[in-house]
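Visitor: Quick mapping for you: the protein sequence lines, in order, are chains A and B. Following our numbering, the residues of the first sequence are numbered contiguously, the last one being 597. Following our numbering, the residues of the second sequence are numbered contiguously, the last one being 597.
It is possible that some hints are incorrect.
Intra- or inter-copy, both count: the list cannot distinguish identical chains.
Said to hold, decoys possible - The list that follows gives simulated cross-link-like pairs (lysine-lysine, DSBU-like), each with its CA atoms no further than 30 Å apart: (1) 476 / 515; (2) 291 / 369; (3) 433 / 411; (4) 474 / 315; (5) 411 / 474; (6) 469 / 595; (7) 515 / 469; (8) 285 / 327; (9) 302 / 561; (10) 411 / 476; (11) 422 / 515; (12) 532 / 422; (13) 405 / 422; (14) 591 / 474; (15) 595 / 309; (16) 433 / 405; (17) 308 / 289; (18) 291 / 422; (19) 587 / 288; (20) 289 / 380; (21) 433 / 515; (22) 422 / 591; (23) 584 / 595; (24) 411 / 587; (25) 308 / 595.
None of these hints come from the bench; they were simulated from the model. Here the structure is a predicted model, which is why all the values come from computation and not from measurement.
There are 2 protein chains.
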Amino acid sequence: MHNFPFHSLTKQIFVMNTRRQFLQKITGSAVACTLLTKTSNLTEVAPVPYDGPLLRVAIMGLGSYGTRVADAIKDCKKAKLVGVISGTPAKISEWQKKYNIDPKNCYNYENYSEIKSNPDIDAVYVITPNGLHKQHVIGVAAAGKHAICEKPMAISVKECNEMIDACNKANVKLLIGYRMHFEPKTVAVINMRKNNEFGKILFFQGLTGFKIGDPAQWRLNKELAGGGAMMDIGIYSVNGARYMTGEDPVWVTAQEIKTDQVKFKAGVDETIQFQFGFPSGAGASCLSTYTMNNLDRFFLNGDKGFVEMQPSTGYGPIAGKTHLGPLTQPHTTHQTIQMDEMAQIILQNKTPVVPVDGIEGRRDMEIIAAIYKAVKSGKKVNIKYA
Amino acid sequence: MHNFPFHSLTKQIFVMNTRRQFLQKITGSAVACTLLTKTSNLTEVAPVPYDGPLLRVAIMGLGSYGTRVADAIKDCKKAKLVGVISGTPAKISEWQKKYNIDPKNCYNYENYSEIKSNPDIDAVYVITPNGLHKQHVIGVAAAGKHAICEKPMAISVKECNEMIDACNKANVKLLIGYRMHFEPKTVAVINMRKNNEFGKILFFQGLTGFKIGDPAQWRLNKELAGGGAMMDIGIYSVNGARYMTGEDPVWVTAQEIKTDQVKFKAGVDETIQFQFGFPSGAGASCLSTYTMNNLDRFFLNGDKGFVEMQPSTGYGPIAGKTHLGPLTQPHTTHQTIQMDEMAQIILQNKTPVVPVDGIEGRRDMEIIAAIYKAVKSGKKVNIKYA
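Kindly generate the complete structure, drawing on both the sequences and the hints.
Guide: Structure representation (structure tokens):
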């Protein structure tokens, strides 16, 4: 467990000297968020404005996904976008206007270590290319801020270890952007599985892919992406296989298909089929691809029931059904829920249904490394986790 | 192409001396089957009783699937159940009553070579355990009758070759019981694929399995079954991968999972995941299992569209949808359509949408042999077809 400073809390809270005191304060605050009011014969829950602790976030990397996160944070109750880190001054001034960012909270890649002395930023969400995650997360940790890092966590297990170590040493939290771990239909399915409603889990299938456009983008650059489709969209099937089954694979086999050697250069995978074996004897069969549009399907089969989800991980509403009927949990923008939940994980030590920490991120990277090894060797690769 | 005697046709047809004359006669007959009649303002199609050639079939092996086929043939217009071959006298007398079988058309495994001199039987449908198909088909061929053989065609490629040779030498047709090749929704999908409505085919997924019961049944006996789930239900994914994509795989990888060593003895597979690579660069990912109930899912993805089917190969109505909407072709008992179509293949040289001949059966066996080899070696196996 990390110890961490509560940047965003009032001075009143800082005088508390135990975590229990802190958590009691928080719990009280959370309860105060809803008031039961009686009107005529109906008992209604009237929401009152949130006045609990707020996670004040800076986004590093103002690309399209950064923009998506920034837009989503607007609707957050527990998180707020307060700062930016970018190498492009024009983007910074655009974001200042668009998101009402205080100029004093704007940084570039040369000076962002100065965030250390900025008491108005609690956490930095690193949304830069995969190959830069390690140095940026370590930089954020060095600045004494909590790091949220977009997935994949890094481009090697070694990098993941360095990032975990750096955050531990700096006493800051490290969270990975696993937005599906908070998505309501996904969480409902995970809870059904935990409650044994599917029975003994036997098989998972994850098919995730899309047709990638611009061949010049960083996602098709080995140094920056660390791979190809697997590092971008395949990881959804990797991670999904784990949270859907509730197990970590012990072996993997994988087969690569490459039809376009120009667009997908050496080390940049176009399509990979991969299979897992789990300790229970369950299996998984997955597909990661940059050549098939809107491929976004999960299927979990147990001896008492099943769930199929399509879309299963896309940004829009998730849809699916189980043997009992359709999943009906309402849709909220995934990144809004994610950031509100991450605020609670960071500020209140809330435990998510499925971890979103560095260990979780490293585990996916250990599996992806095994997949690449299996592709290369053509053999079954046994996975040993750190 | 086989030359074959037209047992079931009238003497009038035998005097024709060219295939063209024969086909012209048949075509005329087929057209005569429907009459356009005008009533008030509506043009209605009034079916008239079928009076074309009839395939007179004997069933060898009176088990549960044999019974299913016998029941289905009742509704056939072009095929008729007229005989049985069984080692169990009680079954024979039961079938005689139930299906009104003439005692002179009843045989056992000792005397069925005598069918040779029975002019009232055109074809024998071999529905015995897989391990007996070879000897039975060769026996049927030796008796000068067309052989319909349930799938899998045999338990080795070598056996398939012997069966093909025997039927060729005897100038009889050899058809394999690929009922899905005639199923209307499946045929509609195959035609859509041929018409390029899915665009370039990229990926096929076939998940087929059920939970097998009685551990003493022949399907769990290596000698009689030739394997386990793969030979029984996995073959639907193997064959489906081919007719859905329109290609034959050039490589296969496969992984076995066995959780019950008692029920699934050496050589009897419980669950196998297998993957194909096709010449076009498309891939397939399939599952064959005896431990998951009602697993019956096909998914085909092209760059212009998709189809998902579930159930995709079960005996009941097939259901599915494409990017254009649901598949709406009406359901007819698969085995009824199959036998009516096989009658036309045998009697009228009709060409099915996808072949159902011995070459087709052998091809699946070549692939299954490669799957078993891949399971054993843990390596990618390149497939070379005879």
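Visitor: Work down the list of hints and note, for each, if the structure agrees.
Guide: Now the hints, each set against the structure:
{"no.": "1", "hint": "476 / 515", "verdict": "between (44 Å within a copy, 25 Å between copies)"}
{"no.": "2", "hint": "291 / 369", "verdict": "neither (32 Å within a copy, 70 Å between copies)"}
{"no.": "3", "hint": "433 / 411", "verdict": "between (40 Å within a copy, 27 Å between copies)"}
{"no.": "4", "hint": "474 / 315", "verdict": "neither (42 Å within a copy, 70 Å between copies)"}
{"no.": "5", "hint": "411 / 474", "verdict": "between (42 Å within a copy, 18 Å between copies)"}
{"no.": "6", "hint": "469 / 595", "verdict": "both (28 Å within a copy, 21 Å between copies)"}
{"no.": "7", "hint": "515 / 469", "verdict": "between (38 Å within a copy, 19 Å between copies)"}
{"no.": "8", "hint": "285 / 327", "verdict": "within (25 Å within a copy, 84 Å between copies)"}
{"no.": "9", "hint": "302 / 561", "verdict": "neither (34 Å within a copy, 68 Å between copies)"}
{"no.": "10", "hint": "411 / 476", "verdict": "between (41 Å within a copy, 22 Å between copies)"}
{"no.": "11", "hint": "422 / 515", "verdict": "between (36 Å within a copy, 12 Å between copies)"}
{"no.": "12", "hint": "532 / 422", "verdict": "both (26 Å within a copy, 22 Å between copies)"}
{"no.": "13", "hint": "405 / 422", "verdict": "between (34 Å within a copy, 23 Å between copies)"}
{"no.": "14", "hint": "591 / 474", "verdict": "both (28 Å within a copy, 25 Å between copies)"}
{"no.": "15", "hint": "595 / 309", "verdict": "neither (46 Å within a copy, 61 Å between copies)"}
{"no.": "16", "hint": "433 / 405", "verdict": "neither (38 Å within a copy, 37 Å between copies)"}
{"no.": "17", "hint": "308 / 289", "verdict": "within (22 Å within a copy, 78 Å between copies)"}
{"no.": "18", "hint": "291 / 422", "verdict": "neither (33 Å within a copy, 52 Å between copies)"}
{"no.": "19", "hint": "587 / 288", "verdict": "neither (47 Å within a copy, 56 Å between copies)"}
{"no.": "20", "hint": "289 / 380", "verdict": "within (26 Å within a copy, 81 Å between copies)"}
{"no.": "21", "hint": "433 / 515", "verdict": "between (43 Å within a copy, 29 Å between copies)"}
{"no.": "22", "hint": "422 / 591", "verdict": "both (28 Å within a copy, 27 Å between copies)"}
{"no.": "23", "hint": "584 / 595", "verdict": "both (13 Å within a copy, 27 Å between copies)"}
{"no.": "24", "hint": "411 / 587", "verdict": "between (33 Å within a copy, 27 Å between copies)"}
{"no.": "25", "hint": "308 / 595", "verdict": "neither (48 Å within a copy, 64 Å between copies)"}
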